[in-house]
Amino acid sequence: MTDTELKHFDSAIFLKTVTAKAGVYVMLNAAAEVLYVGKAKNLRKRLSSYFRASGLTTKTVALVGRIHDIEVTVTSSEREALLLEQNLIKQYKPPYNILLRDDKSYPYIYLSTDHEHPRLSIHRGRKTGKGQYFGPYPSAAAVRESLSWLQKVFRVRQCEDSYYKGRSRPCLQYQIGRCSGPCVGVVSDQEYALDVKYTELFLKGKSSDIQADLANQMERHAAALEFEQAAELRDRIAHLQQVQSTQCIEGETGDMDILGGVMDGGQVCIQLVCVRGGRVLGSRSYFPKSQLEEPLVMQLEAFVAQHYLIGSGASDIPREIISNIMLDDSDLLAASLSEQAGRQVSLSHKVRSNRAKWQNLALTAAEQNLKNRLASSASSLKRFKALQEVLGLEALPERLECFDISHSSGEATVASCVVFDGNGPLKSDYRKMNIDGIAPGDDYAAMYQALSRRYTRVKAGEVLMPDILFIDGGKGQLTQAKTVMAELGIEDLLMVGVAKGSDRRAGLEILIRGDDGREISLPDNSPALHLIQHIRDESHRFAITGHKARRDKSRRQSTLEGIPGVGAKRRRELLRHFGGLQGVKQAGVEDLRRVPGISEKIALQIYEDLRSA
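With the sequence shown counted from 1, adding 582 to any position gets you my numbering.
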């Protein structure tokens, strides 16, 4: 903390001038960075609570100690203050606010209606297509699960229109019974339209109507001795009954989200269960972070505000939100959500009958997921303590980084940087780097370039400094790391090389310390070794993923695309004239000049570039 930050904030003078109206306050540190954003019905009363002589938690005292200034915005109502608060939280992501990590739009199932044979697909973003949107679903996994089930039962196509147009015979989806083959006329338009109708009814929660219709059809086919068709309908009915037993509660309808919130060990889990048309679309766990250790009710209120108020369309907001505890701001939240949705939205916590079953389902899932997370955290802490002991560190390491290099015979070299903290992989801090300008296959030069780029940013304060830097490799790679740190003037960073054992089997790794060159071998049951293997394997996986993506992209790209002056039209003319890329490569300058639109200068450019590639 700098001397400037330690400068005393005169709260007494500030509180004398602050208004008692509703509004939003923004707490800033000495660097004018946002620490915390809050709202209040009475700004003077709320802000005074931060500067009282006693009764503050240790973390709140730490926040107050960093305050250098407070900016206040007066609003016309508490509802307006709530909306402004959420916009500012989304914009600045203050470290002391309760934050949700996921900022993606909600996924929907989209049924196109502007096509002769409508298609089902997953959709995110603006709803501009002609058709119907069903959802929102809590996650893409829930959408994919529903689409997979719909493929088996109603067999409505899910292929892209471009793929559909190019078919001359049924594809694999038809062969395995997951599409009725409308692209080649295997199914009549009337039969396909009926499958689309059933799909629509199911997504609207009207499974009982489908079952009744299918049962009538089955009886007609059985009476006509068409037993094969009757058996197929029987299987469809069985599938519907199965999904109803797992997703629906008999006699229940409506659109609602159920929130189960639990708190234990300083962590919170909020389980979101989405119900539309009386059918459970799926559920998802959220683990909001709060440096101030706010009580559970405040974390649930912050979740509702962030999840629904910012970036949500009217269709994303359910008609009812049920929580397992009463929210203090339920009236304010309900009014704000109703205004945004353009219809009545209610918040409740005392429910009976079927709603109570869903409420209990969400609460049970939250308890189990938080229990699993705490168990994982305890295991992670055990590994970090073992690592501290093995390396003889004075303090428990809190941040680990590991680098690896991946390529195929020198092609498309990619470096990976993965980061672990006390909770395990910190994927938001992972980075991939494309390596260029080195001799193909030179792993040492690749490691030098990756570390130079990363730790130049670390030195500048743009990226946090790790406690330990692991290098996947032996003494050669570790030497590159030491060279980079010496050039950048970075001292006191412990570097450890992770070299494979004599026969490259897991459990025989040798650790090489960068400070004294000492080699350490750990038993295969060591928790410290398990942690090192985990971060090493994760960096290896991440590097390979990046390399394959880069390699595949380069291989899909035509050699002609990188030649100056050769755009899409000229590429097309060249390929048409010579019958393909090989013909272009074999052509001389005079041959190239004969192609429409190719001048002598461009012909020479193409000739030289293709031979130097």
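Please note: incorrect hints may appear among the correct ones.
[Said to hold, decoys possible] Restricting the straight-line Cα-Cα distance to at most 30 angstroms, the calculated cross-link-like pairs of lysine-lysine (BS3-like) are:
id : residue 1 : residue 2
1  : Lys675    : Lys627
2  : Lys932    : Lys623
3  : Lys932    : Lys964
4  : Lys932    : Lys641
In case anyone wonders, no lab produced these hints; they're calculated from the structure.
Hint-by-hint comparison with the structure:
Among the hinted pairs, Lys675 with Lys627 is consistent with the structure: their alpha-carbon atoms are about 25 angstroms apart, no more than 30 angstroms. At most 30 angstroms may separate the alpha-carbon atoms for a hinted pair to count; Lys932 and Lys623 meet this at roughly 26 angstroms. At most 30 angstroms may separate the alpha-carbon atoms for a hinted pair to count; Lys932 and Lys964 exceed this at roughly 41 angstroms. The hinted pair formed by Lys932 and Lys641 fails the criterion: a straight-line CA distance of about 33 angstroms is larger than 30 angstroms.
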